[in-house]
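**Q** What follows is the residue order along each chain.
2 protein chains.
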Amino acid sequence: MGLFAPDATTLHELVLTRLINVPRAKLFRCWTEPALITQWFTPPPWKTIAAEVDVRAGGSSCITMQGPDGTKVPNLGIYLEVVKNERLVFTDAYTSAWEPSDKPFMTVTVTFEEEAGKTRYTARARHWTVADREQHEQMGFHVGWGICADQLAALAATL
Amino acid sequence: MGLFAPDATTLHELVLTRLINVPRAKLFRCWTEPALITQWFTPPPWKTIAAEVDVRAGGSSCITMQGPDGTKVPNLGIYLEVVKNERLVFTDAYTSAWEPSDKPFMTVTVTFEEEAGKTRYTARARHWTVADREQHEQMGFHVGWGICADQLAALAATL
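Chains as they are written, first to last, in the numbering used here: chain U, 1 to 159; chain B, 1001 to 1159.
If you are wondering where the hints come from, they were derived from the structure by calculation, not from laboratory data.
The structure presented is a predicted model; accordingly, all values stated were derived computationally and were not measured.
Don't be surprised by glycine CBs; every beta carbon is placed ideally from N, CA and C.
Any given hint could be a false lead.
Claimed, not checked - Listed below are the simulated BS3-like cross-link pairs for lysine-lysine, each with C-alpha atoms no more than 27 Å apart in a straight line:
# : chain 1 : residue 1 : chain 2 : residue 2
1 : B       : Lys1084   : B       : Lys1118
2 : U       : Lys103    : U       : Lys72
3 : U       : Lys103    : B       : Lys1103
4 : U       : Lys84     : B       : Lys1084
5 : U       : Lys47     : U       : Lys103
6 : U       : Lys72     : U       : Lys118
Stated by the list, open to error - Negatives, chain B to chain U, calculated, CB over 10 Å:
#  : residue
7  : Thr1010
8  : Glu1033
9  : Ala1050
10 : Ala1057
11 : Ile1063
12 : Thr1064
13 : Gly1070
14 : Val1089
15 : Thr1091
16 : Ala1093
17 : Ser1101
18 : Pro1104
19 : Gly1140
20 : Ile1147
21 : Leu1159
Excised from the complex, chain U in its bound form:
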């Protein structure tokens, strides 16, 4: 493999990172408290209308999004790892502990690291197949997650 050839991880992964001028504890709250999740989690014109989350390894989450035509889309998943204020890992491969979902699509690791008095916020989506990663990118991962990161930062700054 050449020096610059993408490795398997790169081919399966999408990453978004931002340096946000808010303490990481506030960003973590926005990711884990239902009343906050609903305020930033989807790019308009979609809305997040409900969030039920059991934030612990093995706990379930159900986040319901609503499209501009009123269509409601529940997203079921499970937390694999939770380190308060530092790290969240979740996946849609299970709907509860440990029921396989219809389609294992991705595993997301979100990290909150202190950096120069700010917070390095990184969301890393790993997919089981390159095709799924490509589909996710074409669905607008970078723009969509970027808009959400802005909404997250703005909301966290008000806390």
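Position chain B against the provided structure of chain U, taking the given hints into account.
**A** For chain B alone, kept in the frame of chain U given last:
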């Protein structure tokens, strides 16, 4: 759905259960100590020639089996949940925390419950697709895991 129609769980699941006359702590040791794992984990003529296990939620396992022709087959997985002497959950959907594997095939829950002075041992394999469940059954799940359960019980009784 009729009263006796299989539900989604049944269609995705294979289960083996035994009442074993050994305390559950000894069975748990056989499942989690490399020097014991290699003694019971495969039905002959296959052998388990190596076991590296990091028995904690998020820990990796690599169990290497060897066929009668000498072929070595490493099996990579990860523990999702570990409750000492009671419960183990692991899957081949990840090769380490949290790298997706090439093929998420199954998630196994093993439970050890006290029952009438003995141990109710149950291994439950859940698959992401009905096709994978069927393939696993045709590979000889019931016979294979049954032989291994006998080997497990015999080994645990010597501890």
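**Q** Could you work out which of the previously given hints the structure breaks and list their numbers from low to high?
**A** 6, 10, 14, 15, 16, 17, 18
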